[in-house]
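A.B. asks: Respectively, the protein sequence lines represent chains A and B. Mapping of the first sequence onto our numbering: residues 801 to 1305, in sequence order. Mapping of the second sequence onto our numbering: residues 2 to 314, in sequence order.
Derived from the structure by calculation, the hints contain no laboratory data. Mixed in with the good hints, there may be bad ones.
Mimicking EDC-like on lysine to aspartate or glutamate, the simulated pairs with C-alpha atoms at most 16 Å apart in a straight line are [claimed, not checked]: (1) Lys110/B - Glu819/A; (2) Lys184/B - Glu54/B; (3) Lys184/B - Asp154/B; (4) Lys1287/A - Asp1114/A; (5) Lys248/B - Glu265/B; (6) Lys109/B - Asp1114/A.
Quick caveat: nothing in here was measured; it's all calculated off a predicted structure.
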Amino acid sequence: MTATIGKLKSHFVNWRAWEFNPIVIKELRQGVRSWTVTGMLLLFLVVLFLTSLAFLIGQSFEVGENTQLGGSMFSAFVVILAGASVFFIPLYMGVRVAAERQENNPDLLYVSTLSPFRIILGKFLCSSYIALLFFSACMPFMAFTNLLRGVDLPTVFFILAFLFLAVCVANMIAIFLACLPMSKPFKFLFIIYGFFQSFGIIGSLIGSSYMFMRSGVGAMMTGRDFWIGVVTSVSIGAAITGLFFVLAVALISPPSANRALPVRIYLTVIWLLGGLLSFNWVVQTGDAGRMIAWSYPTFFVMMFALLVTVSNADQLSLRVRRTIPQSAIKRIFAFVFYNGAAGGLLWIGGILALTYLASEATQMFFTRTSSGSGEQKNWFITTAAYAFAYALTALFIHRKWLARRPPKIAGLLTVLLAAAWAVVPSIFLFFINKLSWSSVEGLQLGNVFNLFSLRDEENRNLHLLFAAIWFALALVLNFNWFFRQLKIFQPLVRVTAENSPPVLK
Amino acid sequence: MKVQVKNLRKEFGKTVAVDNISFEFDSGHVFGFVGPNGAGKTTTMRIISTIEEPSSGDVLLNGISVCEEPELARRAVGYVPDTLPAHGDITVHEYLDFFARAYGLRGKKRTQAVDAIEEFTNVGGIRDKHLKALSKGMKQRVSLGRALVYDPDVLVLDEPAAGLDPRARVELRELLMLLAERKKAILISSHILTELTEICNGVVIIERGKILETGTIEDVLKKSTPRRTVAVKLLASQLHQNTQLLKELLQTPHVQNARDVANEIHFELAGDDVAACDILDSLVAKKFRVIEFRQTKQNLEDIFMNVTKGGVQ
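Here chain A stands alone, though its shape is the one from the complex (with noise of 0.2 Å):
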């Protein structure tokens, strides 16, 4: 602890040595030279003027003529920012990191000694500022529709920063599935999607600028709970950044690294700061069910972990038993949190439950207003209970009949059996019943997606304790590995080497 204060004690000091990430320096190298920056930049400008011109020819400059011709001019160059910064900005460094991750290229991501952070972080800066290149260029046609009138200062700056972030966000999920390790051909289909998903993303954006510019950021600022908003969306902003951050520097890190812990130590004080967040709204309006706002979104990453997780070799390299604490109870959070589907099953685990428990707790103390918290219960601990039994039966059958196999068959298996258990009975039922869907409607135990179309709770139940028990069973099978892992996670010691290898000299 003294020794990382003292280092940043020194970096501080020594500031005039500060430099910046070569990263950067290379990427902006880059992109100066690239006609694919420089022309889509000047495409931009281009489409900015002509748009301005387009706006101005025909109107008329008497005052009290046209009071909205800046505010409609505004809405326009907000389209045009939107569509070319989330298109153009993510795609770019999406397809350098892409090309830079391939295996037979091993000149950045594995020959020097900048650390996967240092690579992750000056990708993501270098986007950062690419997009700055583009709103700096935007932001004079922008400011001077203020001119023109139908829209303040407040509410272009504001929408700018708005925008900007949202782009920053983009670039950091494109540059995360960059690092993905998939074919081309996956990488390209991923491309498709993350096109029609910007479409999206464009939409949502030009939709709350536009809410902006009617209320006028100006008028707002005043309120506190503009600033709460303000303050609100920044934040899940960052934590996504944050989020695909970690994930793409896991990604791009060596196998023989930890890359769990980095991973699992972000979401634990995501989750911490999530929690703590939603109980405190909950105590400011009174209503209980405002913990949705923490417990939904900490399940859906967890069943995300959980097909991760369950993909984790078994066996630890030496880099990663070398830091195993030799004190006990640092070692068992060190289990959870390292490497290794075992401990990462018991993260998981320990999360929803303490989800689940906190949830629960803060109902006790505070009213809901919104019904229906039975049914929620009951989703809740059937959905986990569902994901813990495709996932712990994975394991057992990747480790009896296909230990040979990578361990991601093992996350593979876990969404087959999910997938496999909603579709096969449905088609064969589909056509045991003369070639109708009925069954479907109708309780299909196993099939965690036939829950959510119930609406009796007798039916809901049965599903519960279908999957407690299968999820028991599971445990039970899974049992004599689960200890064994826990045993061998164990400090690494050094055997010396019996026979001296040849010398050449």
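Given the coordinates of chain A, work out where chain B should sit on it, guided by the hints.
C.D. replies: Quick look at chain B alone, frame taken from chain A:
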């Protein structure tokens, strides 16, 4: 700097790329890493350079394990991969400057290091050229420059001479000899074995992931060819006596496998230098007009052909 490869094994699924190999080498020497395609050379070199992780075993660079402390070990290794530098849209100087920054060199130190490397690898004249505009030889120099820019103690070069013209090869060879003089430990793989013979002090011959021969070039030559091959050439006007000479040699003690090779008689001599002198004396005494009597020189290529079977995994 001592590089110790200990019981290294690497599996890719069911394929064993490197099968429990061990060897050591020290600074100031150039070691050839020789083997047919698919023998496991690149995999071993990538493990030494901390790019790949072994399935078992370890590599120690002055005691630093590439498995346990890859970040620290990486600082000691300069790796020249068999692929040429990408990033075609930046200049040679910017490329080297980027790697100098990436390795933590700052301010004046970085500028000096980049200038020194540009001079050493003779790329100063093309420092403002884009990488995509360079020839293969020049790219190889830049690649070497990148690996040297932070002055590592160990250099791992994977097929650096592949595709280079004869001049570029000679220049590369001279650079490597200079680097060995600067006390770098160099491991180099190449298929141009005659060149390796000239610059390497030691050699590791590998096939199907297993080491077939290791040692100094002389040791390996001796080990792989226990019998010397001697060539006898008669005066041009006496070539008709070759058949008689062949018969004569076949009856001589210590001589085996005598044959006519392009108007020369080659035979394998199981004896020592005295035995060779005796044979020459006896030939002269029998009025054979001998113009050449020499021991044929074996090189790495001959050893490679003798030792390996050309098997791949």
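A.B. asks: Could you run down the list of hints and mark each one as holding or not?
C.D. replies: Verification of the hints:
1. Lys110/B - Glu819/A: Holds. Lys110/B to Glu819/A sits at ~13 Å (cutoff 16 Å).
2. Lys184/B - Glu54/B: Violated, because 27 Å separates the two Cα atoms, which is more than 16 Å.
3. Lys184/B - Asp154/B: holds (8 Å)
4. Lys1287/A - Asp1114/A: holds (12 Å)
5. Lys248/B - Glu265/B: holds (14 Å)
6. Lys109/B - Asp1114/A: violated (47 Å)
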